[in-house]
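**Student:** The lines below spell out each chain.
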Amino acid sequence: MAYFEQLVLNGLLMGAIYALAAVAYTLVYGVVKMVNFAFGELFMLGAFLTATLMMDQVTLFGHAMAMPGMGFGTAAALAMAMVAALGGLIDRIAYKPLRSAPRLAPLITSIAVSVVLQSLAQAAWGPGSQLFPGQPFEHVPAIALGPDLVIEGTEWVVMLAAVLAMVGVHLFVHRTVLGGAMRAAAVDPMAASLVGVPVNRVVGAAFMIGSALAALAGLLYAQTFQFTSATMGFLPGLKALTAAVLGGIGSVPGAALGGLLLGLIESLAAGYLPEGAVYQDVVSFVLLILLLVFRPQGLLGKKEMNSAAPGSLTSGRGVRPGRTMAAVLAGIDRLFTAAWLQKPNAKLIVLAAAVVLGLAVPSDYWLGIFVMVLIYGLLATGLNVVVGFAGLLDLGFVAFWAIGAYFTSILFIDIIQQAWGLDPSAWWWLLYVNLLAGGLVAGLAAMLIGYPTLRVRGDYLAIMTLGFGEIIRIVATNWVGFTNGPMGLRGIPSPQLFGWVLDTPRSQYFFALALAVIIVLFVSRLTRSYVGRAWVALRENEEAAEAMGISGTRYKLMAYACSGFVGGVVGVFFAHFMRYISPANFTLFENILILLLVVLGGLGTLAGPFLGAAVWLLFLQLSMHIPLVTEFPELRFALLGILLIALVLYRPDGLAGKARSRLTMG
Amino acid sequence: MNTLPTTAMPDIALKARGLGVVFGGLTAVDALDLDVMGHSIHAIIGPNGAGKTTAVNALSGFQPPTRGQVWIGNVTRDRWTSHQMAQAGLARTFQNIRLFGGMTVLETVLVGAHKLFRGSLPALLWRCATARAEEQRQEERARELIRFVGLPDATVGQPAQSLSYGNQRRVEIARALMSEPAVLVLDEPLAGMNVSEKAEVSELIRVIRRQGVAVLMIEHDMDVIRSLAERVTVMHQGRKLTEGSATDVLSDPRVQDAYLGKMQ
Numbered sequence: 001m002a003y004f005e006q007l008v009l010n011g012l013l014m015g016a017i018y019a020l021a022a023v024a025y026t027l028v029y030g031v032v033k034m035v036n037f038a039f040g041e042l043f044m045l046g047a048f049l050t051a052t053l054m055m056d057q058v059t060l061f062g063h064a065m066a067m068p069g070m071g072f073g074t075a076a077a078l079a080m081a082m083v084a085a086l087g088g089l090i091d092r093i094a095y096k097p098l099r100s101a102p103r104l105a106p107l108i109t110s111i112a113v114s115v116v117l118q119s120l121a122q123a124a125w126g127p128g129s130q131l132f133p134g135q136p137f138e139h140v141p142a143i144a145l146g147p148d149l150v151i152e153g154t155e156w157v158v159m160l161a162a163v164l165a166m167v168g169v170h171l172f173v174h175r176t177v178l179g180g181a182m183r184a185a186a187v188d189p190m191a192a193s194l195v196g197v198p199v200n201r202v203v204g205a206a207f208m209i210g211s212a213l214a215a216l217a218g219l220l221y222a223q224t225f226q227f228t229s230a231t232m233g234f235l236p237g238l239k240a241l242t243a244a245v246l247g248g249i250g251s252v253p254g255a256a257l258g259g260l261l262l263g264l265i266e267s268l269a270a271g272y273l274p275e276g277a278v279y280q281d282v283v284s285f286v287l288l289i290l291l292l293v294f295r296p297q298g299l300l301g302k303k304e305m306n307s308a309a310p311g312s313l314t315s316g317r318g319v320r321p322g323r324t325m326a327a328v329l330a331g332i333d334r335l336f337t338a339a340w341l342q343k344p345n346a347k348l349i350v351l352a353a354a355v356v357l358g359l360a361v362p363s364d365y366w367l368g369i370f371v372m373v374l375i376y377g378l379l380a381t382g383l384n385v386v387v388g389f390a391g392l393l394d395l396g397f398v399a400f401w402a403i404g405a406y407f408t409s410i411l412f413i414d415i416i417q418q419a420w421g422l423d424p425s426a427w428w429w430l431l432y433v434n435l436l437a438g439g440l441v442a443g444l445a446a447m448l449i450g451y452p453t454l455r456v457r458g459d460y461l462a463i464m465t466l467g468f469g470e471i472i473r474i475v476a477t478n479w480v481g482f483t484n485g486p487m488g489l490r491g492i493p494s495p496q497l498f499g500w501v502l503d504t505p506r507s508q509y510f511f512a513l514a515l516a517v518i519i520v521l522f523v524s525r526l527t528r529s530y531v532g533r534a535w536v537a538l539r540e541n542e543e544a545a546e547a548m549g550i551s552g553t554r555y556k557l558m559a560y561a562c563s564g565f566v567g568g569v570v571g572v573f574f575a576h577f578m579r580y581i582s583p584a585n586f587t588l589f590e591n592i593l594i595l596l597l598v599v600l601g602g603l604g605t606l607a608g609p610f611l612g613a614a615v616w617l618l619f620l621q622l623s624m625h626i627p628l629v630t631e632f633p634e635l636r637f638a639l640l641g642i643l644l645i646a647l648v649l650y651r652p653d654g655l656a657g658k659a660r661s662r663l664t665m666g
Numbered sequence: 001m002n003t004l005p006t007t008a009m010p011d012i013a014l015k016a017r018g019l020g021v022v023f024g025g026l027t028a029v030d031a032l033d034l035d036v037m038g039h040s041i042h043a044i045i046g047p048n049g050a051g052k053t054t055a056v057n058a059l060s061g062f063q064p065p066t067r068g069q070v071w072i073g074n075v076t077r078d079r080w081t082s083h084q085m086a087q088a089g090l091a092r093t094f095q096n097i098r099l100f101g102g103m104t105v106l107e108t109v110l111v112g113a114h115k116l117f118r119g120s121l122p123a124l125l126w127r128c129a130t131a132r133a134e135e136q137r138q139e140e141r142a143r144e145l146i147r148f149v150g151l152p153d154a155t156v157g158q159p160a161q162s163l164s165y166g167n168q169r170r171v172e173i174a175r176a177l178m179s180e181p182a183v184l185v186l187d188e189p190l191a192g193m194n195v196s197e198k199a200e201v202s203e204l205i206r207v208i209r210r211q212g213v214a215v216l217m218i219e220h221d222m223d224v225i226r227s228l229a230e231r232v233t234v235m236h237q238g239r240k241l242t243e244g245s246a247t248d249v250l251s252d253p254r255v256q257d258a259y260l261g262k263m264q
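Quick note, the sequences are listed as chains F and L, same order.
In this text, residue positions in the first sequence follow my numbering: the first is 1, and each later residue adds one.
In this text, residue positions in the second sequence follow my numbering: the first is 1, and each later residue adds one.
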């Protein structure tokens, strides 16, 4: 009997932390109507800073440093203040200039901020998990509720702290002048500023308070579970969002209720469902997806939340650059709008250069890098179809890459090799069938997943696709009999062509190049036809596009299918190129990286994805000679994030944006 | 102009019966019957808040009507979506211009031809001769229409959103005509235009009607209504107040009361 009560108690404990984080989420969302993807990182920083301040000595960026060794309370308060200041700073730099920009722009900067903070935290504190220094509430007396049921001191202190913080926020929002200004700015920023509310400062304040609360949730979480790590914020961040949506985003009591409910649901699911503990996170994601589709206003929210902001990233004005920045941008433009690039045979020249490169480069190492450039370029091309052309921010794209890779691997390893006991390399031709079949399976999966997302837009779409992607990854990780789980599948045969084994980097480079030519041709023919125009029209103004006879449902599904198809084809090749795949290849971080590469190169262009991939992978190599980077390779991701923020602010078109291709066949 | 249909239209191009739109407790449009005849210019007028735009939105599939039925020619559905309306032969422009960011004028106008494209996916991927020919044919039509609505040739490759306000309205008209519509719905096509632009676009509307398209327009300028509209429906407080020729309607004291009453 105590089992149930114990589950409820665990649920309430997690629920209290989720609720607190959800309140922080909702406070910011309510005012700026924007999902802050960097939220989980603020949560993580709250935990790390508290832990660091509590220690006597700490190793930061590889250097031992003396620390004050504060008590938990002081350290927590200081950490919250620091994270609040950071939150204000982030708003100032990365979000404030984009208040009137299309919805996609601040979403992408918030993803970039998240990457920057996470990479910096990894560089500073190291990539692994660390023990939380001390158990501040270990001497607090436990409360016995029954013979078998005890609430530990730590547990009830956490719950009490969360409840007090939430009551405080509620009183603040409803009883203070600043809280009133926030509510006014939430309802109508324009009207609020007309009656004298300094909207930008109010939004900044909301960001600071929200960040402090996120830090509080993070440090309570860390001291409850006695660890800190640079990636600890990701899942709780998503849970907080789920809880906020469950309660009705924008509503403080709703968020509190949603958090408690989510904690309970998760705890009971983990306790009672078969393999519940493994699929506990899937339960949350499924809940999130169902909510977004069927009841986006949640339990206590208002119906009109998440109204769509029309327009794409590319039509945004950006920020007016300073003189140096303007000169840099003009230089980039000159490079990509050079006369020879405008000629119709420019593509052939680029292709010829790629062939020469493949023949002339002596180093197998560099050829291997070039294959990766092509693979990432192709993945970015696939993602570009949905994000760049159709304007649907898809954070679950890696799933289709994974489906293609697993499709061919399971066929070759699980079925041909293990079930039938045959030599997979005798079946080399099957690879060519699989390139098509894996693509089609992934395309079909993309349509199935895309269908429920058709009703949601903007940031909700991003979250929903992210949820789908995570579900697929968790399933792949845990369905051991089928995918071999986290150990992955080994011994996938290299590509072959009539007995000629393509296992050298040079042959694989040409294989990948041929694949790239076919896929780019495929994508360019679609985008430069009425289909591509329909995608762009839907992206730019869905209502006007519908009025021209374009069925949004049909063309969005088509974009998902094409993008999934490309992802699947690349997945099949990737599996045979790497010869080993595991769920670790297909993480959300990869998806974010691919997205950033598309934005870097230029959303909605054909060359952009490859350009982004080439710039990034070459930078990854060359930067290994920079002393600081050699020591902290994570810093490269921080640099990418910073570059992306600058790009979205100053040049939302991306590097090759000015060389945008025509949408007519010509 | 050989690109616009010159065949005779059915007698009634657009028909509504008992059309009603209710927002929460507010009845924006109430029991509206409307017959837009083929080969005619039909205007809806009325004071601000009379429900004109809501009525037009309900007629073009933008705002699902709470009650009533709409026919395009003799085709009807219980629930129209706007792309079904477009497929059935209705094209419209918007009071607040809705162009596609980043697209050139030519690309924007080509979007209007969307429903005419027949090229299948394999045909596009192989880029068959038929797909190319289709694209080329539509591109020529688009260029012709861009000229037809009075845009200089130099604008063809310019971003549509970089044009002047008046020219953006012309792009919208060209885009709508691109779909070879039987009914063209214009929501305040002359708003924000100067006198000479108004004269030019009025003439354009007249030519469009002469080529066999039924035009339904919302307009505030009474001089334009007098010179253009063959039939005028006056709306007031969501209902049809009266209907008839421009001269009859504009001299109707009830119509004058509706406008003056608003001004008090």
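By construction, these hints were calculated from the structure, which means they are not laboratory data.
In this text, all values refer to a predicted model and were calculated from it rather than measured experimentally.
For every residue, glycine included, the Cβ atom is placed at its ideal position computed from N, Cα and C.
Some clues are possibly wrong.
Unchecked claim - With the Cβ distance kept under 7 Å, some of the chain F side facing chain L (calculated, not the full set):
no., residue
1, LEU291
2, VAL293
3, SER529
4, SER551
5, LYS658
**Student:** Against this structure, judge whether each hint is valid.
**Tutor:** Each hint, compared with the structure:
no.	hint	result
1	LEU291	violated (24 Å)
2	VAL293	violated (19 Å)
3	SER529	holds (5 Å)
4	SER551	holds (5 Å)
5	LYS658	violated (12 Å)
Violated hints for the displayed structure, listed by number in ascending order: 1, 2 and 5.
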